[in-house]
Amino acid sequence: MQVKSRHHLRSDDIDEIKEALRDGLGIEIEGDTFELVEFEDSDVDVVLVDGEPEVFYVDEEPFVTVHGANAYDPEKGVVTVDAGAISFVSDGADVMRPGIESADEAIEEGDLVAIAEETHGKVLAIGRALTGGDDMVGESGKVVKSVHHVGDDLYEFSA
0 MQVKSRHHLR SDDIDEIKEA LRDGLGIEIE GDTFELVEFE DSDVDVVLVD GEPEVFYVDE
60 EPFVTVHGAN AYDPEKGVVT VDAGAISFVS DGADVMRPGI ESADEAIEEG DLVAIAEETH
120 GKVLAIGRAL TGGDDMVGES GKVVKSVHHV GDDLYEFSA
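When you number the sequence shown by numbering that gives the first Met the number 0, it's gap-free, plus one each residue, and the end is 158.
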């Protein structure tokens, strides 16, 4: 990923990020420095929190990266997949109903969600809900579109 620009965020931008993550995931993100990194070849921008890529913007909406989700352990907005889905989700596949063990019922269609594995609770991917959380567990159909996963360019990015 080719860096286009980097600059420190203003306090009102930092407050907006913190509020969005508190409301959407139930986490309190803390750091001394928040630096926005824009890329030449990507639709997403990353926010480095104390030098770590913990937040990114998806369609101008701040959300945690896989690194950030594993650092802060979201309490809300989580979809948990079973062991059989781990390799697919880790490779960037969209999430299908049969692979879902549980989902936060407060998730609404269009929400960004953290996709975690059931055994250790580690987040494997970030996705966009295609249906509400109360309709995610079932027999067939795609329910979460993957937007960022373990091993992709964003995951591999380091400042």
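For the record, the hints were derived by calculation from the structure and aren't laboratory data. Note that the Cβ used here is the ideal one computed from N, Cα and C, for glycine as well. Worth double-checking, as some hints may not be accurate.
[Said to hold, decoys possible] No more than 20 Å apart at the CA atoms, straight line, and that leaves these computed lysine to aspartate or glutamate pairs for EDC-like: (1) K3 x E39; (2) K3 x E59; (3) K141 x E107; (4) K121 x E27; (5) K144 x E59; (6) K141 x E59; (7) K75 x E15; (8) K144 x D93; (9) K75 x D133; (10) K3 x D31; (11) K3 x D151; (12) K3 x D133.
[Unchecked claim] Computed spacing ranges between beta-carbons, pair by pair: (13) S10 x G120: 28 to 38 Å; (14) S157 x G25: 26 to 36 Å; (15) G83 x E15: 34 to 44 Å; (16) L129 x D22: 17 to 27 Å; (17) G30 x E107: 26 to 36 Å; (18) G83 x S4: 40 to 50 Å; (19) R9 x G50: 17 to 27 Å; (20) S101 x V57: 22 to 32 Å; (21) G50 x D72: 12 to 22 Å; (22) K144 x D12: 18 to 28 Å.
#### Entry: Straight-line alpha-carbon gap K3 to D151, limit 20 Å
Given that 20 Å is the threshold and the Cα spacing comes to 19 Å, the pair holds.
### Query
Would you say the C-beta atoms of S157 and G25 sit inside 26 to 36 Å of each other?
27 Å, holds
### Query
Taking the beta carbons of G50 and D72, is their distance inside 12 to 22 Å?
20 Å, holds
### Query
Keeping to a limit of 20 Å between CA atoms, is the pair of K141 and E107 held or broken?
15 Å, holds
### Restraint check for K121 with E27, where alpha carbons must lie at most 20 Å apart
18 Å, holds
### Query
Quick one, are K3 and E59 close enough, alpha carbons at most 20 Å?
17 Å, holds
### Task
For the range 28 to 38 Å, tell me whether the beta carbons of S10 and G120 fit it or not.
For S10 and G120 the Cβ distance comes to about 32 Å; the hint holds.
### Query
Straight-line Cα separation of K3 and D133 no greater than 20 Å?
The hint is violated at about 40 Å.
### Query
Measuring from beta carbon to beta carbon, are G83 and E15 in 34 to 44 Å?
About 38 Å separates the Cβ atoms of G83 and E15, which means 34 to 44 Å holds.
### Distance restraint between K3 and D31, which requires alpha-carbon spacing of 20 Å or less
23 Å, violated
### Task
Determine whether the Cβ-Cβ distance between S101 and V57 falls within the hinted range of 22 to 32 Å.
23 Å, holds
### Task
Return holds or violated for the Cβ distance of K144 and D12 against the range 18 to 28 Å.
27 Å, holds
Checked against the numbered hints given earlier, the structure breaks hints 6, 10, 12 and satisfies all the rest.
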